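Guided by the hints, dock chain B onto chain A, whose structure is given.
Going down the list, the sequences are from chains A and B. Be aware that the first sequence starts at 26, since it is given in the numbering used here, and climbs by one per residue. Be aware that the second sequence starts at 26, since it is given in the numbering used here, and climbs by one per residue.
Rather than coming from a laboratory, the hints here were simulated on the basis of the structure. Treat the hints loosely; a few may be bogus.
The following label-pair restraints were derived from C-beta to C-beta distances [as the list claims (entries may be wrong)]:
id : chain 1 : residue 1 : chain 2 : residue 2 : range
1  : A       : Asp140    : B       : Leu205    : 17 to 27 angstroms
2  : B       : Pro30     : A       : Gly46     : 49 to 59 angstroms
3  : A       : Glu59     : B       : Ala186    : 30 to 40 angstroms
4  : A       : Lys27     : B       : Arg194    : 23 to 33 angstroms
5  : A       : Gly123    : B       : Arg102    : 26 to 36 angstroms
6  : A       : Ser137    : B       : Ser137    : 32 to 42 angstroms
Keep in mind it's a predicted model, so treat the numbers as computed, not measured. We treat Cβ as the ideally placed atom computed from N, Cα and C, and that holds for glycine.
There are 2 protein chains.
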Amino acid sequence: MKHSPLVQGLIDAFTCLPGVGPRSAQRMAYHLLERNREGGRHLAAALGQAMDGVRQCERCRNFAEGGLCPVCADSRRDQGQVCVVSSPADVIAIEQSGEYRGRYFVLLGQLSPIDGMGPRQIGLDQLEEQVQAGSINEIILATGTTIEGEATAHYILEMVAGTAVTVSRIAQGVPMGGELEFVDGATLAHAFRGRRPV
Amino acid sequence: MKHSPLVQGLIDAFTCLPGVGPRSAQRMAYHLLERNREGGRHLAAALGQAMDGVRQCERCRNFAEGGLCPVCADSRRDQGQVCVVSSPADVIAIEQSGEYRGRYFVLLGQLSPIDGMGPRQIGLDQLEEQVQAGSINEIILATGTTIEGEATAHYILEMVAGTAVTVSRIAQGVPMGGELEFVDGATLAHAFRGRRPV
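Next comes chain A alone, as it looks inside the complex (with noise of 0.2 angstroms):
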């Protein structure tokens, strides 16, 4: 089927999408072109303000509009327990938990020194900054149980080591090798719950 240039190019942009290929995005454009070009706009709008838009938060690397993100500058949060996730997308698994009540710190990837991201590359330099300064009493540590994980648990172990800061690090119910994004929110309350000094 030859779908006129724009057309094609819309099917084509949707396949950028997490879990759309040329079927879905054939139907994703139809569906907007026929019955919803009002929300084409506005997704449109939404995707270009977003992609500029959203920066990292300067405190703890998620995403951010200016300055702070919503959880850093929220003041009822415990802003000295800090728990150290991977991605953003992990945060909102966590936040959907409705179980903790601190802070995070998004490294924005995994120590893996032979994919360049040494620990400059996820923001480390930054943490160990916000430990000097003894604004911190307690980190957790969710980065997953990959290797790459593993790893990262181990660097900021050695980084705290000496200060006052205790380390945990979420156990019960985390699946080995899962993404912790995928997890359910009950498990991960439970992970935070049963969380041990190491």
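Just chain B, lined up with the frame of chain A:
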């Protein structure tokens, strides 16, 4: 979970897509923000251009960018053979079968006076002009077997009465490769009534 406003706006905007609920929308937004901002900007541009630039073909009402759609502009297609369908998505389905070499007429709806869809709203005045002008030899009805589809087919039959235009309807029956036990009763009844000597 409180997302920052631009992120939340993007998640909400994604739910205008068919089959995309809040969870998938969140996954899409985070995927683009974390891993593919360039893809997100590209999608925004493609959406904006398509929503404003895709119009109707002057001859068949299918999607087109100026003047005629790719099928109506293709001189190798039989422009005197017209398949009448409800929506542009039906055109895609028929094109993908690779069987049909005529052109289309896209109603963008079905005859349903109670919903304010009269003959003019679905372009039947335009089809009648083409019939009167003598540019159509054959009409193939593919408007579906709903009550509205039947009404539309009936209206078109009356329209061409007294002209030289032949009217046929795509066969209704058991789908190819389909297990008989999963075919609904109405379809089976149709298949029996439409049986042919072999």
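Tested hints:
| no. | hint | in the structure |
| --- | --- | --- |
| 1 | Asp140(A) / Leu205(B): 17 to 27 angstroms | 54 angstroms, violated |
| 2 | Pro30(B) / Gly46(A): 49 to 59 angstroms | 31 angstroms, violated |
| 3 | Glu59(A) / Ala186(B): 30 to 40 angstroms | 31 angstroms, holds |
| 4 | Lys27(A) / Arg194(B): 23 to 33 angstroms | 26 angstroms, holds |
| 5 | Gly123(A) / Arg102(B): 26 to 36 angstroms | 59 angstroms, violated |
| 6 | Ser137(A) / Ser137(B): 32 to 42 angstroms | 60 angstroms, violated |
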